[in-house]
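For chain A, the structure is supplied; the task is to place chain B on it using the hints.
Quick mapping for you: the protein sequence lines, in order, are chains A and B. Numbering-wise, the first sequence is residues 1 to 281 according to the working numbering. Numbering-wise, the second sequence is residues 1 to 304 according to the working numbering.
It should be emphasised that the hints constitute simulated quantities derived from the structure, not laboratory data. We put the CB at the ideal spot given by N, CA and C, even for glycine. Heads up, some of the hints might be wrong.
No farther apart than 25 Å at their CA atoms in a straight line, the calculated lysine to any residue pairs in the SDA-like style are these [claimed, not checked]: (1) B/107 <-> A/261; (2) B/107 <-> A/18; (3) B/105 <-> A/11; (4) B/107 <-> A/89; (5) B/107 <-> A/264; (6) B/107 <-> A/268; (7) B/105 <-> A/25; (8) B/105 <-> A/5; (9) A/196 <-> A/83; (10) B/105 <-> B/223; (11) B/105 <-> A/240; (12) A/196 <-> A/262; (13) B/105 <-> A/10; (14) A/196 <-> A/167; (15) A/196 <-> A/89; (16) B/105 <-> A/269; (17) B/107 <-> A/30; (18) B/107 <-> A/267; (19) A/62 <-> B/139; (20) B/105 <-> A/16; (21) B/105 <-> A/18; (22) B/105 <-> A/89; (23) B/105 <-> B/216; (24) A/196 <-> B/223; (25) B/107 <-> A/269; (26) A/196 <-> B/114; (27) B/105 <-> A/9; (28) A/196 <-> A/102.
Coverage of chain B stretches by chain A, computed from C-beta distances (three or more under 8 Å per stretch; other residues unrestricted) [stated by the list, open to error]: (29) 241-247; (30) 274-280.
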Amino acid sequence: MSRDAFERSLLRVLRPVTIAVLFLATAFPFFYMVTLSVRDIQELILDPGSLLPDRLTLDTYKDVLTRQGFLTFMGNSAIVAVSSVVITLLISIPGAYAVARLSFFGRRQVHFLFLAVYLFPAIVLAIPLFVLFTMLGLRGSLPGLILVYIAQTVPVTVYMLRNYFETVPASVEEAAAIDGCSRISTIWRVVLPLSKPALMATGLYAFMIAWNEFLFALLFLVERRDRWTVSLGLSQLAGSIEIPTTVLMAGSVVLTLPIVVVFFAGERLLTEGLTAGAEKG
Amino acid sequence: MTKSRTLREQEGRAGLLLISPTLLITLVVVVLPLLWAIMLAFQDVRLINIRRAGLFGNYTLENFTYVLEEPGFWSALANTLIYTIAGTALSIAIGLVAALALREKFKGRTIVRASILIPYVAPVVAVAFLWEVMLNPQYGIVNTWLSEPIAFLSQARGTFLGVQVPVALLTVIAFEAWRYFPFAFLFILARLQAMPHELEEAATVDGATPTQRFRYVIMPQLWRIIALLSVLRFVFTFTKFDDVYLLTGGGAGTEVVSVRVYNFLTARDDIGASAAQAIVLAVVLVVFLVVYLRFFGKAEERTA
Chain A
1 MSRDAFERSL LRVLRPVTIA VLFLATAFPF FYMVTLSVRD IQELILDPGS LLPDRLTLDT
61 YKDVLTRQGF LTFMGNSAIV AVSSVVITLL ISIPGAYAVA RLSFFGRRQV HFLFLAVYLF
121 PAIVLAIPLF VLFTMLGLRG SLPGLILVYI AQTVPVTVYM LRNYFETVPA SVEEAAAIDG
181 CSRISTIWRV VLPLSKPALM ATGLYAFMIA WNEFLFALLF LVERRDRWTV SLGLSQLAGS
241 IEIPTTVLMA GSVVLTLPIV VVFFAGERLL TEGLTAGAEK G
Chain B
1 MTKSRTLREQ EGRAGLLLIS PTLLITLVVV VLPLLWAIML AFQDVRLINI RRAGLFGNYT
61 LENFTYVLEE PGFWSALANT LIYTIAGTAL SIAIGLVAAL ALREKFKGRT IVRASILIPY
121 VAPVVAVAFL WEVMLNPQYG IVNTWLSEPI AFLSQARGTF LGVQVPVALL TVIAFEAWRY
181 FPFAFLFILA RLQAMPHELE EAATVDGATP TQRFRYVIMP QLWRIIALLS VLRFVFTFTK
241 FDDVYLLTGG GAGTEVVSVR VYNFLTARDD IGASAAQAIV LAVVLVVFLV VYLRFFGKAE
301 ERTA
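The following block holds chain A by itself, in its conformation from the complex (with noise of 0.2 Å):
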C-alpha cells in the first residue's frame, strides 16, 4: 500500500473516532446533569454507576428554587444581567460609533486602551474595587456589581460594534443629514436599524458576562444571601454537606440552562462576533 493511501485510510477510521471521542467528553458530562439533577439522592448512593434514573423526580428543582433559594437568586441574576445589557449598550453604541466615523483628539490612542482593558487581569482590579466598596458601603448592593460588569464589558462592545457601524455606508448617513437629520437622529433612524444583528450580538455577549460571572459577585455579594446571583449560590451551596448532591445539580442546570439557550438562539451572531472581536474567557 502507498504512503497516501494508507494515510487516507488511516484518517478514514480516526476522523470518526475522534469526532465521536469530543462528542462523548463535551456531551456527557451535561447529559449525566441533567439525569442526576432528576433522580432522588438515595439511588445515587446506592448505585453510583447508574446513568439513567429509575424513578423521575422533581422535587430536587422544587427544592432548590424554594427552599435553596434559587428563585431569589435567578431575580437577581436576571436584575444584574438585563441592566448591564441595557446601560452597556447605551454607553457603547454612541461610543463606537465615534471610534467608527469621527476623527476627534486621542481616537488611536483609544484603541490601545480597550486592548489594555480587555487583556487586563480581573485579579489586579479586584483588589482596589474590594477595598473601595467596602469604604462607600457599596459592597452587597447590586448596582455596584453591575458597574464593574459594565466597566468590563464595554471595551470589548465598542470594539464589536465598530466594526459593524464602519461596514455600514457612510453615503447612506450623509443621505440622512442632507435630509435634515442631527447627528443623533441619523445614528437613531439609520444606523442602528441596520446594525441589529451586531447590537443582538453585543447584547447577548454582555448578558452572558454578567450571568456567568464569578469573582466580583463573590467578593461583593458573598456576606447578603439574599443578593446573591446564582453562580454565586451555587458555589456558596456546593459546600453545604446539608444539601443533597442531586438537588444542587438542579440549581446548576437552573444555572446552565438559560445562558445555553440564549446562546443557541444567536449562535452565528455571536461567533462571528466572537471570532471578530475574540471574547474574554
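Same frame as chain A, but now just chain B:
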C-alpha cells in the same frame, strides 16, 4: 465665537462627547483603581486602618520583601506557570484537532459543533461543580469506572505506572483544556473555512499525502492564528482565579498566585501583601509577553 467653528472642529467635539461615557467608566472603574492598586502594594494597609492610610501615607517595600520571602509564593508562581503553559498548549492542540475533524461536512455536524461549544459557554461555577461531582471519590461516576477510586481534586501526589504525578494539578489542567479548547476550535475553524481550496487541490494533484498537505499547506496558514491564540489564552489563564478556586480552593498543590491574592485579601485581610502579589503577577505576565513578542516578531520577519 461658536459660529466660526469649522466642521472639523464640530466633528472633533461630537466625537469626544460621544466617547466620553465610555472613557469615563473605564477611567473610574479600571484606570484609577489600577493606579490605586499599585499604591496599595507599597503601603501597610488592612481594612481596619485603610481610612488612616491616605494617598500620601508611608510608602514601603515591606509588602514585597514579605511576600517574596514566603516559600508559598514561589511554589504558587511555579504552579501558575505549569498550569498556564500546559492549559494553553493542550486547549489549542485539542482545538486544532477538533477543527480539522469538523472541517468537512458530515451528518450531524451541527450537533457535534454545538456540543463542543457548551463547555465554554456554560457558567464556570456550574461546570466546576459538575466536575467535582463526577470526580467525587465516593459517588462520582468516573470513579465507578475505575478499579480503585482516585481523589482527583484533593490528592496532591499519586503514582501512575510507577511515576509520581501531581494528581490535582493535572486534573485542574485537564479541566482547563476541556473548558477552553472550544475557544481555540472556533478561531481555527473560522480560519480553516476561509482558506481557499485551490492550494490543497494543487498539492493533492502533485501527489501530497494528507499529512504532507497538513504540514506544508494547512499549517503555514494557521501559524498566525495559533500565535494569537497562544497569547490570548496565556494572558487569560495566567491570572485566572475562578477555575482553580472553584475546583480545589487552591488546595492539594494547586495554589496559583491569583488564589493567593484572593486569600490574602479576604481571609488574611492583608491588602498590601495581596496587592503586592497581584503586581508581581502582572509584571511577570508582561515580561513573558515582551519576550514572546520579541521572539515571534522576529520569527515573523524571517518568514515574511
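**Request:** Hints the structure violates: just list their numbers, smallest first.
**Result:** Numbers 4, 11, 22 and 24, in rising order.
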